[in-house]
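**Q** Since chain A is already given, all that's left is putting chain B on it; use the hints.
Line order of the protein sequences matches chains A and B. To convert, count from 1 in the first sequence and add 309; that's this note's numbering. To convert, count from 1 in the second sequence and add 309; that's this note's numbering.
Just to be clear, a hint being listed does not mean it is correct.
Each pair may be met inside one copy or between any two copies, as identical chains are not told apart.
Pairs of lysine-lysine residues, derived as DSSO-like cross-links and limited to a Cα-Cα distance of at most 30 Å, are as follows [as the list claims (entries may be wrong)]:
#  : residue 1 : residue 2
1  : K314      : K357
2  : K367      : K357
3  : K440      : K367
4  : K314      : K440
5  : K334      : K314
6  : K367      : K407
7  : K334      : K357
8  : K367      : K332
9  : K407      : K440
10 : K407      : K357
11 : K314      : K407
12 : K440      : K332
13 : K407      : K334
Note that these hints are calculated values from the structure, not bench results.
There are 2 protein chains.
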Amino acid sequence: MSAGKLAAQVGHAVHDAVMGCPKAKLESWEDDGSMIVVLQADSEAELKELQSAATRLKLQSFDVQDEGLTEVEDETFTVLAIGPDASNRVDMVTGTLKLYADAAAAARTEAAELRERLAAAEAELATLRAKADL
Amino acid sequence: MSAGKLAAQVGHAVHDAVMGCPKAKLESWEDDGSMIVVLQADSEAELKELQSAATRLKLQSFDVQDEGLTEVEDETFTVLAIGPDASNRVDMVTGTLKLYADAAAAARTEAAELRERLAAAEAELATLRAKADL
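Chain A extracted, bound-state conformation (with noise of 0.2 Å):
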């Protein structure tokens, strides 16, 4: 999922949440700050577990399914939106999950690597390309 994609679909997370929030509960988030925590889950059924969680300990969530008409499979379950509720509570849901990982901060990663890698390659083919000259 691209950077765009998850923004968006994290949006209509934010919008279910807020609309089917109890008015109290979503004024007090919003006086905390209107807090929101992109977090990571690595499958589909980690999602499931995550919003059976939240629904054991009263927390509402929403899943965002999305319609498959771009990037992902037809009706993909993308993101959960667990919340708003007081970050305690979130956090017994959400407390050990990671923040969402970055892919392009990954894919830098392995090219400064590879760029590293060819430009010893480079050099060692600039000596035997001398000796060869010889």
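**A** The following block gives chain B in isolation, referenced to the frame of chain A:
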């Protein structure tokens, strides 16, 4: 801005836009599928121009200012929400913008090119090393 950070900022923009939208306009947007499109602006100056253009057309807009606690500088204008409104009206402001540029895709393309160049260099190295051993 990482993908997760962008998603959170867009989430704030959607929260503001939904809360600030007149009920009839919000319901009409929801009936139409609650479309959210994440587009690319290249500078804070461009975001400000887009916001002025939206205001001239009487389109509601909301700017998200990052608090600068984590990734970006203090009070940076990161995201502008325009609408909800009829898409032909929003398009009058945003019609020439491209979809949000995916930094991960660009970095992956670069890595793929580097991988190819490295393979070519290593193949030539193997040939030259074999010759040197003769």
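**Q** If a hint holds in the structure, say so; if it doesn't, say that too.
**A** Hints and how they fare:
| no. | hint | verdict |
| --- | --- | --- |
| 1 | K314 x K357 | both (20 Å within a copy, 23 Å between copies) |
| 2 | K367 x K357 | within (15 Å within a copy, 42 Å between copies) |
| 3 | K440 x K367 | neither (74 Å within a copy, 72 Å between copies) |
| 4 | K314 x K440 | neither (53 Å within a copy, 52 Å between copies) |
| 5 | K334 x K314 | both (28 Å within a copy, 24 Å between copies) |
| 6 | K367 x K407 | within (23 Å within a copy, 41 Å between copies) |
| 7 | K334 x K357 | within (24 Å within a copy, 33 Å between copies) |
| 8 | K367 x K332 | both (16 Å within a copy, 28 Å between copies) |
| 9 | K407 x K440 | neither (52 Å within a copy, 51 Å between copies) |
| 10 | K407 x K357 | within (17 Å within a copy, 34 Å between copies) |
| 11 | K314 x K407 | both (20 Å within a copy, 13 Å between copies) |
| 12 | K440 x K332 | neither (78 Å within a copy, 78 Å between copies) |
| 13 | K407 x K334 | within (25 Å within a copy, 37 Å between copies) |
Figure legend: structure checked against the earlier numbered hints; hints not met, in rising order: 3, 4, 9 and 12.
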